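Participant: Single-letter residue listing:
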Amino acid sequence: MEPTAAVEQSGKNLWGGGVSPLKASYGKIMMWFFLLSDAFTFSGLLIAYGLLRYSHPAFEGNIADFIPSQEYWPIPEKVFDGVPFLHGVSIPLMFVGIMTFILIMSSVTMVLAVEAGQRMDRKSVMKWMLWTIVGGIAFLGCQAWEWSHFITGSGKEGWGIDLNGDGIIEAGVDFLGANLAMNEYGPPLFADLFFFITGFHGTHVLSGVVLNILVFYQASVGTFERRGHYEMIEKVGLYWHFVDLVWVFVFTFFYLI
Amino acid sequence: MALLEEISQVEVQPVDKAKVNKLWKIAGILLIITIIEFVFAFSLPDHWKVMKISIFVCLTFVKAFYIVSEFMHLKHETKTLIWSIVLPLILVVWLVIALIYEGGAILSVR
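So the sequence lines, in the order shown, correspond to chains A and B.
If you're matching positions, the first sequence starts at 1 in the working numbering and goes up one per residue.
If you're matching positions, the second sequence starts at 1 in the working numbering and goes up one per residue.
Excised from the complex, chain A in its bound form:
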């Protein structure tokens, strides 16, 4: 029994506890591994998009002359070219670009909140967390507009599914917009993937905003000061940056390519 007792007394032993080989707290390490598993989920969705897109014929011809059809995959920049308050004006990918900008900026304010937390600066943490929450809500608002625009339809000449087969697309008679079974932009799978991928990401943003509001509240009532550290901000920050990271990939693989 003697050697074991000696080891316990020293307090630190590779197999007996007290040592942290990764030099990070339990919570942070677990957040990292959760994010790794979440990265696999998003990879699964985006790779499924790649598989299904590549297994459909591509549109042949000039991008400028693009007209959607059930026969081939649509060109994203032709589908996502609407901007709020500019009805009927085609500005490809501008709105998605604004959304990307909002999310990157909210990632910056988050990292500034983490920095302030390491300095025990409660006022700065509150200020930057508030900006991060504003950014997250702005992004969700943009996504709500994007979805409603996608679902109601673009209203462009010749875009829609000719249900009665008379060769003319009419509102009220023919199908406009998108749902899970059919859409005016291309094969049904296109809208399904749009709803699943951006919807799954939007759900992550929503949970992130809820977590941000929670830590903002805890910071403002002094919970972290009494605890002696602002590590909770760092953990929620990791999650928030991951949401931004996923959007970078969604932006490239869904909208740009």
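For the record, the hints were derived by calculation from the structure and aren't laboratory data.
These numbers were taken from a predicted model, which means no experiment stands behind them.
For glycine and all other residues, C-beta sits at the position ideal for the given N, C-alpha and C.
Misleading hints may appear alongside valid ones.
Computed footprint of chain B on chain A; a stretch qualifies when at least three of its residues, placed anywhere within it, have a C-beta under 8 Å from a C-beta of chain B [said to hold, decoys possible]:
(1) 85-92
(2) 185-196
Listed next, with one range per pair, are the computed distances between beta-carbon atoms [claimed, not checked]:
(3) B:110 - A:20: 51 to 61 Å
(4) B:92 - A:222: 41 to 51 Å
(5) A:203 - B:100: 42 to 52 Å
(6) A:38 - B:65: 49 to 59 Å
(7) B:80 - A:71: 49 to 59 Å
(8) B:50 - A:171: 17 to 27 Å
(9) B:50 - A:155: 29 to 39 Å
(10) A:61 - B:40: 32 to 42 Å
(11) B:48 - A:167: 44 to 54 Å
(12) B:80 - A:200: 27 to 37 Å
(13) B:18 - A:217: 24 to 34 Å
(14) A:89 - B:92: 37 to 47 Å
Based on the hints, put chain B in the right spot on chain A.
Facilitator: Just chain B now, with coordinates in the frame of chain A:
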């Protein structure tokens, strides 16, 4: 009141200017890369499809590198932690290759 007294005792350290400037610089890089992607998307000719896709994928990974290494601070963690996060992602590379190949096979029998 006891709560407020406790809070006022906490010592706030001064802002590390160099660190904050570095964060803003990285934000600038991320925004510039996004703008470059936009410019490429609309200035390169349509038939350079493969080249456009490879440029976008490369720039995306540059952005991902900056977000993960600096914003998420992974670059400054221990080597063991870095590799235990990065290495499993090799499985994703395998899945991309396998399923894109599969997609081509489905297209050929369609």
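Participant: Which earlier hints turn out false for this structure, listed by number in ascending order?
Facilitator: Per hint list: 1, 2, 5, 6, 8, 10 and 11 violated.
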